[in-house]
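Asks: Take a look at the letters that make up each chain.
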Amino acid sequence: MLSRENNELLTRVGPGTPMGNLMRQYWVPALLSTELPRPDSDPVRVLLLGERLIAFRDTAGKVGLLPHNCPHRGASLFFGRNEEHGLRCVYHGWKFDVSGRCVDMPNEPPESNFKDKVRARAYPCVEAAGIVWAYMGPRSEPPPMPGFEWLGAPDEEQDVSAAQVECNWLQTLEGDVDTSHFGFLHVGHAKPEDAPEDSFLQYVIEDRAPRYKVLDTDFGVMYGAYRPIRSHADSLYWRIAHFMFPFYTMVGVGVLGDKVSVAARVPMDDTHTLVMLSRLKRNYTSSKADGLGITQRTFDGRRFLPTTADWYGRFREEPGLRNDFFIDRELQRSGASYTGIDGVPVEDRAVTESMGPILDRTVEHLGSADTMVIRVRRRLMAAVRALDEKGVVPPGVDHPLVYQQRSGGVVLPKDADWVEATEHLRRAGVDHADLNPSTAGGG
Amino acid sequence: MLSRENNELLTRVGPGTPMGNLMRQYWVPALLSTELPRPDSDPVRVLLLGERLIAFRDTAGKVGLLPHNCPHRGASLFFGRNEEHGLRCVYHGWKFDVSGRCVDMPNEPPESNFKDKVRARAYPCVEAAGIVWAYMGPRSEPPPMPGFEWLGAPDEEQDVSAAQVECNWLQTLEGDVDTSHFGFLHVGHAKPEDAPEDSFLQYVIEDRAPRYKVLDTDFGVMYGAYRPIRSHADSLYWRIAHFMFPFYTMVGVGVLGDKVSVAARVPMDDTHTLVMLSRLKRNYTSSKADGLGITQRTFDGRRFLPTTADWYGRFREEPGLRNDFFIDRELQRSGASYTGIDGVPVEDRAVTESMGPILDRTVEHLGSADTMVIRVRRRLMAAVRALDEKGVVPPGVDHPLVYQQRSGGVVLPKDADWVEATEHLRRAGVDHADLNPSTAGGG
Amino acid sequence: MLSRENNELLTRVGPGTPMGNLMRQYWVPALLSTELPRPDSDPVRVLLLGERLIAFRDTAGKVGLLPHNCPHRGASLFFGRNEEHGLRCVYHGWKFDVSGRCVDMPNEPPESNFKDKVRARAYPCVEAAGIVWAYMGPRSEPPPMPGFEWLGAPDEEQDVSAAQVECNWLQTLEGDVDTSHFGFLHVGHAKPEDAPEDSFLQYVIEDRAPRYKVLDTDFGVMYGAYRPIRSHADSLYWRIAHFMFPFYTMVGVGVLGDKVSVAARVPMDDTHTLVMLSRLKRNYTSSKADGLGITQRTFDGRRFLPTTADWYGRFREEPGLRNDFFIDRELQRSGASYTGIDGVPVEDRAVTESMGPILDRTVEHLGSADTMVIRVRRRLMAAVRALDEKGVVPPGVDHPLVYQQRSGGVVLPKDADWVEATEHLRRAGVDHADLNPSTAGGG
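Protein chains in written order, with this note's numbering: chain A, 1 to 443; chain B, 1001 to 1443; chain C, 2001 to 2443.
Since the hints were derived computationally from the structure, they do not count as laboratory data. This structure is a prediction, so every number in the text was calculated from the model and none was measured. Incorrect hints may have been included.
[Said to hold, decoys possible] If you want the footprint, here are the derived chain A segments under chain C, 3+ residues with CB under 8 angstroms:
(1) 66-76
(2) 86-94
(3) 106-114
All C-beta atoms, glycine included, are put in the ideal place defined by N, C-alpha and C.
Make the full structure from the sequences, and use the hints.
Replies: This is the structure:
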């Protein structure tokens, strides 16, 4: 439970807000590279941290990210001409390059030097792993990019996707670090014998009330959620997962050491979030959970609405609050699905968006299963306050290597120290091909 | 005319408002029983006095009314599983019974007693006359149910219907106690010879400017609106009708002593009202007004929109402000209809909703025909203030028998005392089969 | 660039605002006469300066403009019966004539004199040049009508049209006095050889960076924008145009002395504007700009949406922000159009509406080409403050003849005094049939 003030502190991200300032310390995933498919392709509207921006790819292939309104008289650069190394406002022909410099001002007399006095506040952009990253912060020299291992992987290994969630970023992130919901929202209808023999999924279904360990780290917070295994009385099944500043998660699904996957929960504004999911393709082909209907299909077969002419028109999925996520009450009643809602990510959105645009955290009741949620909030609040009050640079901004992490599930002896015993598996950049394939089931 | 402050006082009904507190002293009609057709049927969204609630019928047939957001982390219980005597949140499997007790918390370890510390604020519900009634007030033991005579009638006699009006509750209620509008809005186009000979309707058309008597009562306010009768110079036609705390009306249509009918104008929130109309079937089969096109058909042939996935999706009618109530200007011009709008209740909604979401009562001009409107407001304000300032329990809460009333029309000798002369006809529970059928026309 | 306070001062027009008060000093174009096609035709919703009004034409053909809500209990007079010299509210039959007098109150007893105490605040209306003009100001005797020359022209000469712009009035007006945008937004794709030989349009395309002269006048502000002509080294091409209090413009398109055309940018409310364009038919048939695709067709072939049942339902065009004005990116890229948007007025709306409902003028960068925009704002602010602080009647209110002006283009010797040399051409009411037809091209 939070005070109203702390809930505001954590959820508001616009310019000038404390949390908005914290996020602006980091490089921020802004859009997919594929949204700007070619040099001089069409400009794209981007709503990011409450700011209305126009992204474009110039003739040389470089990406620019400018304020939506032309610095001259405020016409939208969305309607601009993207031509010869710059975006030209159609109102008076002013043209800006990706750095925000005004490179042409043809409605002013040739002798005018007004052009040199005008500058659009362009946000520096870099592309990596199929994502356009922007730096919206105060430094003249941006900090290093986060050191995620997948940023260096070859293009054909990359799998990046985006989806809009119609609520505040924090409640979407809290769903990621809330491991116990998996046993209900997604597989609450299943019995142990439905799962592959001796799979993580089977362990989850055998015991849906995991215990938690949480640990502050240099990248954020790590948790280990553990439970007994019926068939191995001397072992425990651990799900190890991370919150990483400012809005990343590595979830506990899959096999620790093998899986490379990160979700960025990027605020579009206070009530809309763009979730970007980056995975390396080699990691998620081993699911044995097909029998439960939570196969990869549930991630890949998603239905998106056409992009619309407004600030919320990108990556909106068809199932939504507006149609009760197409809930099938008979299916829910039948026991073949816990929710009657089709697809794991859609189930996640259903509960998350149903909380309201910004969850009221003053009336919650958090239990032991919410240990990680609580710790993440505390860590965020502490970092926001340290920046706001003392100018302390938040975790990871200047230390890209802290992001070199992996998450996932592992079986450990009952008396093992979970942190020590998993140290080498959590290390990024290592090939763990020798992992026991029998534990590689989804879940 | 009211001050801005008094208009706010009368119209705002959310938690913590003075009028909201007054209404929460009473049992409140919340939804129709048919909205929860079977044990373990689908949960239903209910917006009531500005609160977002989920109604469900449990395995034993009992109705629960819980806050929309799960007490745990706020996911909507609308998506919950209604199973085995409780509604289970699909996020983490927490389950609540109709009393709000958390009866299962399967994501917490078995030794946890957190379950016993969590409680949803359930509102006690009872069902009567096809309506689910809720008590949302502060007493641990709710007051008695209102003593309406139809609450005790057999099911096959009950006729209850619901319709949403898209504006504040008070302006919908004021329409009910505004007898003079009948002669214009509904039958303004008619001539005396159009009506059945010697019917109430004929009297209304003969004299459209009734005089008013109003009287404070123990249930609220009663009025008698009277007018001369051309063919009976020594008699007066009286329409006797009631406002009953906090939002009920018994209108003056029909025959006093014979008719049993009550309208509840229940606020969904400040700008939406659910009108529930309860009638006993025996009462309204004698209309002679067919010639005027205001037959029962106009009440029964209503067109509703499909229920939608939001808080305003129930019992919304198709004709609305969004389509000008399908006004037919040629019909209006022709004289065959005063309004060009089809249906008495639709005409009522047209004028009422056209006032705006909350009528601005600071710029009205009330005449003698508004005597009852004025008195009802005064009575409401006095009760709201008495409760707010001195904790005075408002009228009727602890005295259910005050609701044992009837309303309707009657012909009295010119010199009769209207209150005394109608005392036995206004008494509930009496069979008045000997009433003169010749005066039983609609109007 | 403006302070936030000044931007508010200039853009807010509701009752009681300083700019709203200024506009209410003048006669205001409220609707087209054709919207009330016959005596006793259907009432029409009119949103004007933030006020919700109902317009009707009575049996004698006179136009009334009443508050939307009946003075009695607030039902909308939109649903009223327009009959026998008055508009009758269908709720209780109260009837008002065009002067706001209550001429019938049939639900009150005949002896009541309440009728004489009730009055609707009707705004005086006159019709001229196909427009219904209203006076919404404080004087009991309205000021004279503005002395535009076309107000006196015969009906068959009049050409008046209306279109809604979905943003604040001031940014729509600023587009009119911003001559340099023509060379980009509308003809930025064209080369000099595309234009008719020796036409104004050719001069515009030859030099897209005009210089400005501005001059305060008794009607508002006049500008002269000039540029050299390649083929006539000793001459300059001047575009002369006007801002006229409080929201009129005469633009610089066409031939000075020949053209009679005025645009009124009338605020519906703070974020919607009704543009009424009045022209005399003889003036705009000589366009030679067909080769550029900016023919008269682009003005006449506009697509409007059906009128809807709300306050914004009149004269809304189909292309809009909601569909990106049907921008054709391939056409824009091809060079056949600067914008890819079809139609000069649609291009204007695209940039103007894309600025947002109310342009934030605190972050602009105004250059020498914005000299007129700056001057108009200053003039407006000075007049608003003079009225607000000292009660000074604003320009033109009591001096109708100041509106006797013409605007347009002209070729002058390089050393000519532009004001003096054009004096006779700017004078209204003169027949300049002897003008050189070779310079009559569009632009």
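Asks: Each hint: holds or not?
Replies: Each hint tested on the structure:
Coverage of the segment 66-76 of chain A by chain C holds [criterion: at least 3 residues with CB-CB distance below 8 angstroms; count 7]. Counting residues of the segment 86-94 of chain A whose CB falls under 8 angstroms from any CB of chain C gives 4; the rule of at least 3 is met. For the segment 106-114 of chain A, the stated coverage by chain C is satisfied: 7 residues place a CB nearer than 8 angstroms to a CB of that chain, which reaches the threshold of 3.
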